[in-house]
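Protein chains in written order, with our numbering: chain A, 1 to 251; chain B, 1 to 273.
Worth flagging that the hints you see were computed from the coordinates, not collected in a lab.
Hints are supplied without guarantee of correctness; some may be wrong.
27 Å max Cα-Cα, derived DSSO-like pairs, lysine-lysine [to be verified]:
no., chain 1, residue 1, chain 2, residue 2
1, A, K135, B, K260
2, A, K17, A, K141
3, A, K141, B, K28
4, B, K28, A, K17
5, B, K28, A, K213
6, A, K17, A, K210
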Amino acid sequence: MTSIPAIAVDRLVKVYKTVTAIDGISFSLEPGSCTALLGGNGAGKTTTIASIMGLLQPTSGRVSVLGAEMPRHRHRVLHRMNFESPYVDIPMRLTVRQNLKVFGMLYGVADVNARTQALAEELDLVDLLDRPTGKLSSGQKTRVALAKSLINSPEVLLLDEPTASLDPDTADWVRSWLERYRATRNATVLLASHNMSEVERLCERVIMLKQGKIVDDDTPANLISRYGRTNLEEVFLDIARGRNEASEAAQ
Amino acid sequence: MSVQSPEYIAFSPRRVGAIVLRHWYVIKSSWPRIFDLMYWPMVQMLMWGFLQLYVAQHSNFFAQAAGTFVAAVILWDILFRGQLGFSISFLEELYSRNMGNLMMSPLRPGEYVVALMTMSIIRLAIGTIPVTLVAIAFFGFNLWAMGLALAVFVFNLFLTGWSVALVVAGLLLRNGLGAENLAWGIMFLFLPLTCVYYPVSVLPDWLQIFAWMMPPTYVFEGMRVLLIDKVFRADLMIQALALNAVVFAGSTIAFLVLLKSARTHGTLLQGGD
Chain A
1 MTSIPAIAVD
11 RLVKVYKTVT
21 AIDGISFSLE
31 PGSCTALLGG
41 NGAGKTTTIA
51 SIMGLLQPTS
61 GRVSVLGAEM
71 PRHRHRVLHR
81 MNFESPYVDI
91 PMRLTVRQNL
101 KVFGMLYGVA
111 DVNARTQALA
121 EELDLVDLLD
131 RPTGKLSSGQ
141 KTRVALAKSL
151 INSPEVLLLD
161 EPTASLDPDT
171 ADWVRSWLER
181 YRATRNATVL
191 LASHNMSEVE
201 RLCERVIMLK
211 QGKIVDDDTP
221 ANLISRYGRT
231 NLEEVFLDIA
241 RGRNEASEAA
251 Q
Chain B
1 MSVQSPEYIA
11 FSPRRVGAIV
21 LRHWYVIKSS
31 WPRIFDLMYW
41 PMVQMLMWGF
51 LQLYVAQHSN
61 FFAQAAGTFV
71 AAVILWDILF
81 RGQLGFSISF
91 LEELYSRNMG
101 NLMMSPLRPG
111 EYVVALMTMS
121 IIRLAIGTIP
131 VTLVAIAFFG
141 FNLWAMGLAL
151 AVFVFNLFLT
161 GWSVALVVAG
171 LLLRNGLGAE
181 NLAWGIMFLF
191 LPLTCVYYPV
201 SVLPDWLQIF
211 AWMMPPTYVF
221 EGMRVLLIDK
231 VFRADLMIQA
241 LALNAVVFAG
251 STIAFLVLLK
261 SARTHGTLLQ
271 GGD
């Protein structure tokens with residue numbers, strides 16, 4: 001028996017007036033997997049994530065999350081998902097505790113205070129709970145945004161640059177925490193990041209986007225091997241700069 | 001670590017409460033915001049109250065119609081701030097770049113609208129209740145003495161204010177903060193046409209047709225009849241309610257259409273211009 005994919009994207013197309021942001025991409029993510037969505041600026045990562053979250057109506061094609069078609073039936077599953085993105089902020093005038101309480105209530109968390117305390121301890125936010133979010137450093141805000149994205153213990157977690165603005169030590173700590181969370185919760189994680197070492201460490205699959213199309217899809221190790229490179233960053237540069245196409249054309 | 005997913009609920013009062021709490025936290029953390037809620041209604045009421053005193057000293061009619069200006073300015077404020085309270089709470093989410101968080105949360109549009117309506121009532125109560133008390137102290141005018149009629153007036157004015165606010169919210173979702181000025185200025189269109197300070201009969205005949213298409217006109221006309229003739233015109237309030245039902249239904253449809261359009265054009269995540 002095959003399980004329902006956590007996320008299924010089928011021939012997704014998104015056109016804004018004359019610009020094709022997503023051009024017929026298809027992929028499917030198994031429950032408990034961690035996948036990276038990589039691509040340069042304008043490759044279509046944010047459009048893809050917004051479509052998965054139900055924020056966008058596709059021009060054509062289908063997106064489903066935990067078996068619910070998006071955006072039509074998004075309300076059946078939004079309480080089981082969450083996300084973190086640099087394109088949104090958490091209200092700055094509210095304290096960290098107030099923000100987590102509000103989002104806990106929005107996501108239907110049964111005991112918001114206990115969940116807030118547990119997350120604060122796990123993400124080293126205890127001393128910051130009663131400070132206004134706007135007064136925190138960018139690294140602290142990133143941890144608060146992460147806490148918000150985990151407030152409902154999501155089964156599907158979409159992360160856009162989750163360790164941006166964090167110092168290397170804290171970033172490493174957050175990655176370890178995400179690995180533990182995913183393993184404990186069997187959560188499906190879709191990660192957009194420009195930190196290739198982070199992707200290599202967290203993800204067993206990489207989907208490469210370029211100009212709205214999937215140009216490669218494999219494990220980090222296979223990609224590195226296939227492109228004859230020593231790390232994922234070099235592979236990324238090959239794809240972004242079209243060196244693989246030039247090489248194929250030459251052959 | 002919890003491994004329980006929360007249950008799905010079609011309409012959740014708790015989610016409504018979350019939004020109300022979010023805005024309540026903002027209000028209570030800032031005394032300038034509380035002061036701002038009271039400042040302008042108080043200034044307006046004092047100005048119109050003293051003008052009424054002056055005019056009443058020189059006119060037998062206005063001496064008998066004591067309180068009509070003060071009542072008008074307070075009811076106008078209820079209409080204006082009913083819309084503004086809703087719209088400001090909505091704008092707060094755009095200013096703080098939080099709309100994407102809300103749109104990707106389980107919060108449903110209906111719950112959000114109910115929360116914003118609740119916030120407009122709370123904001124109005126903070127701003128207007130002190131004004132009504134000052135009106136008693138300065139001008140001997142007790143708005144609360146209107147009793148049940150006041151409740152009907154306020155309900156109708158809120159319905160109109162919320163209807164306008166819904167359309168503005170839809171335009172903001174669809175067009176971003178480029179449509180912000182509508183939130184601040186659109187209600188002033190109602191000021192001359194709904195005959196806040198004068199009877200409908202003052203308008204030219206052709207303009208009276210438009211005036212009677214607007215629910216607040218019936219409220220302001222009913223208020224004057226109540227204060228001058230001491231008669232509560234239930235027929236006017238029923239007509240206002242019927243018109244409001246049509247206007248509110250139209251606004252809800254417009255909001256949902258604009259929300260769908262925003263989802264198609266990808267403006268939900270942007271929020272800016």
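_Going through the numbered hints above, which ones does this structure break? Give me the numbers in ascending order._
1, 2, 4 and 5
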